[in-house]
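Using the hints, position chain B against chain A.
Here are the chains, one letter per residue:
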Amino acid sequence: MLSADILYLPVSELAKRIETKALSPVDLTEAYLDRSEKLGPKLNAYACLTPEIALEQAEAARKEIDRGHYRGPLHGIPYAAKDLLAVKGVPTTWGAKPYENQVFDYDATVVENLRRAGAVLLGKAAMIELAGGMNYRFASASLQGATKNPWNASRWSCGSSSGSGAIVSAGLAGFAIGSETWGSIICPSAYCGISGLRPTFGRVSRYGAMDVSYSMDKIGPMARSAEDCAHIFAVIAGHDIKDQSTLPLDKAAFTYSPSLEFSAKPLRVAWLTNAWPKIDGHAERPLEAAAHAVHKVFPGAQKAKLPEGPFEAAGAVIVAVEGAAAFRDLIRSGRVSELADPLGQISGYVSEQIGGADYARALQVRGMLQQKMANLFDSFDVLVAASQPLGANALDANLETDLDFPDPLGGVGNLCGLPALSVPCGFSDQNLPLGLQFVARAGDDISVIRAASTFQQHTDWHRKHPKVS
Amino acid sequence: MSPAKDALTRREFAKRAAFGTVAGAGGPLPPWGAFWPNGSFAGGAPQTAADAQKLSPQSLAEAESRYQTILALYPNRFSDAQKVDLKHVCLVTQHSIDELRSYAVGNADQPALYLKPLVEREKKTNAPPNLKSAAPAAPESAAPAGKAAVAPPKGSPEKP
Numbered sequence: 005m006l007s008a009d010i011l012y013l014p015v016s017e018l019a020k021r022i023e024t025k026a027l028s029p030v031d032l033t034e035a036y037l038d039r040s041e042k043l044g045p046k047l048n049a050y051a052c053l054t055p056e057i058a059l060e061q062a063e064a065a066r067k068e069i070d071r072g073h074y075r076g077p078l079h080g081i082p083y084a085a086k087d088l089l090a091v092k093g094v095p096t097t098w099g100a101k102p103y104e105n106q107v108f109d110y111d112a113t114v115v116e117n118l119r120r121a122g123a124v125l126l127g128k129a130a131m132i133e134l135a136g137g138m139n140y141r142f143a144s145a146s147l148q149g150a151t152k153n154p155w156n157a158s159r160w161s162c163g164s165s166s167g168s169g170a171i172v173s174a175g176l177a178g179f180a181i182g183s184e185t186w187g188s189i190i191c192p193s194a195y196c197g198i199s200g201l202r203p204t205f206g207r208v209s210r211y212g213a214m215d216v217s218y219s220m221d222k223i224g225p226m227a228r229s230a231e232d233c234a235h236i237f238a239v240i241a242g243h244d245i246k247d248q249s250t251l252p253l254d255k256a257a258f259t260y261s262p263s264l265e266f267s268a269k270p271l272r273v274a275w276l277t278n279a280w281p282k283i284d285g286h287a288e289r290p291l292e293a294a295a296h297a298v299h300k301v302f303p304g305a306q307k308a309k310l311p312e313g314p315f316e317a318a319g320a321v322i323v324a325v326e327g328a329a330a331f332r333d334l335i336r337s338g339r340v341s342e343l344a345d346p347l348g349q350i351s352g353y354v355s356e357q358i359g360g361a362d363y364a365r366a367l368q369v370r371g372m373l374q375q376k377m378a379n380l381f382d383s384f385d386v387l388v389a390a391s392q393p394l395g396a397n398a399l400d401a402n403l404e405t406d407l408d409f410p411d412p413l414g415g416v417g418n419l420c421g422l423p424a425l426s427v428p429c430g431f432s433d434q435n436l437p438l439g440l441q442f443v444a445r446a447g448d449d450i451s452v453i454r455a456a457s458t459f460q461q462h463t464d465w466h467r468k469h470p471k472v473s
Numbered sequence: 046m047s048p049a050k051d052a053l054t055r056r057e058f059a060k061r062a063a064f065g066t067v068a069g070a071g072g073p074l075p076p077w078g079a080f081w082p083n084g085s086f087a088g089g090a091p092q093t094a095a096d097a098q099k100l101s102p103q104s105l106a107e108a109e110s111r112y113q114t115i116l117a118l119y120p121n122r123f124s125d126a127q128k129v130d131l132k133h134v135c136l137v138t139q140h141s142i143d144e145l146r147s148y149a150v151g152n153a154d155q156p157a158l159y160l161k162p163l164v165e166r167e168k169k170t171n172a173p174p175n176l177k178s179a180a181p182a183a184p185e186s187a188a189p190a191g192k193a194a195v196a197p198p199k200g201s202p203e204k205p
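Each protein sequence line maps, in turn, to chains A and B. Heads up, the first sequence is in the numbering used here, so the first residue is 5 and it goes up one at a time. Heads up, the second sequence is in the numbering used here, so the first residue is 46 and it goes up one at a time.
Bound-form chain A, shown alone (with noise of 0.2 Å):
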């Protein structure tokens, strides 16, 4: 059996051994299976497990690559797919009690794009009730119960992508996938001590996944290193006929090649003042560590700021009216009730009464910041942040009243589509994983890479994971 250590390699990393054949499809995917079995239940981290597919498609990857016929980086790497993504025959539940027998007959453009860059499908990574779309209070809001963090069983492992970010840090697989209309990937990538990349809206399909957001909904990859997440990015970034909101051909491809940044222009970054008006306590030390490590890595970094505005008031009124049309039929039949989560219960009744004039004038405010977040990026090519000002809160804990703090950077950056890349930065006094966002103008996903990457070069917080048992 392989140990823990090969099973917290970066995908870079168990990509090398794999082409070479040091290591073998079959016996990584079997080791993350074991894990996973031992672990995952303890963690709520699965919706399932699919070990029949995770053989089979192993077992494949092997003999191709036997014959010499490496596909790329992610050939042979076994993953999760956060439960909103349809898996052909399996059940795709939503995290949710009244879709929990939903079966669909395809595979979600991601799901399909992975296969066919032969990775390898462990099960689905469980989540937090319709990824949030109907509101929730508590971390139990989801069908496998609250999702608990590697780093300590009494936190949370935050949410919507909470099974994605458990099962990335408690080296469960290789990477997941999850996916982000408002702080869905980015948070659990932060409280997990996981690199996330939540990518531009529209340049990863998500046909085959569940609406919440029309506008707002983007799908990325959660994993160990920015480097991981550019290699996942590169496989499922691309316009998708089945998907018109894909961004066309040549603006929705990613290519990838590390060697690249070296030779690219030099980042102009900023750190930002006004992301988070109050820092948690316990966090503030390392996190004022993590703005000098910045200065450090990019000694050209500035000061910058965040335009002010009602953009989270223009987001929320964004999601909630989206969700209610995507859920309408839910909501109407009644069914909204079996949610587990007493808010999601409810809110969607109002979010359906909210005004066409008030979300016209969402989508004007949100056209005015567009613009507003243009003119900073002529300046600064990349935005700096905490991820969150804290570290992962108490299972229990009451979201609405506890965490009820503003989110102005993930306001912005959702409302306008930006792509952001959550990379670990630390630890706070409790030993909870702290994390940094890199964020960038729409369209330019390479440079939050570059400099996660660049970042992650120069710290080692990425190499360190929990002690799961």
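Some hints could be false.
[Stated by the list, open to error] In silico DSSO-like pairs for lysine-lysine, Cα to Cα no more than 30 Å straight-line:
id	chain 1	residue 1	chain 2	residue 2
1	A	Lys309	B	Lys99
2	A	Lys309	A	Lys269
3	B	Lys99	A	Lys282
4	A	Lys376	B	Lys99
Because the hints were derived from the structure by calculation, they are not lab data.
Relative to chain A, chain B alone:
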């Protein structure tokens, strides 16, 4: 403190909150009895009162109207505790809507395409140097070409 006394105190608190709001705006007192079932508070109500305190009488009336509409549409769907929670959500949502409405938006401000800045940046790059400082060009179209306008083809998810 007995439950009855507790309820009275809370009711007093809410009245003060209501009058404080109304006094500032000079509007009519919202029908609290209708807004809170049985004219008293259940669990979570102090938070609701605090939420209400932040709103103008007009906004409070709008939040209440939204709440009453929901009850009219779905008369037997909510427990008393859920009704209190529902009011709380109506008030919080109203706060977001008010914040959004208070932001100055002109008649000519177009609803956004999520990636409009990306397109505009290219326009800027391609523009002759003497035009770079000019006002940004008007968006090409107000009609979103993205998913907000046209839903992607999907399979047939099982109806809940």
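Status of the hints after comparison with the structure:
A C-alpha spacing of about 28 Å is found between Lys309/A and Lys99/B, which places the hinted pair at or below 30 Å, so the restraint holds. About 24 Å separates the Cα atoms of Lys309/A and Lys269/A, which keeps this hinted pair within 30 Å; it holds. Between Lys99/B and Lys282/A the CA atoms are separated by roughly 22 Å; this keeps the pair inside 30 Å, and the hint holds. At most 30 Å may separate the alpha-carbon atoms for a hinted pair to count; Lys376/A and Lys99/B meet this at roughly 29 Å.
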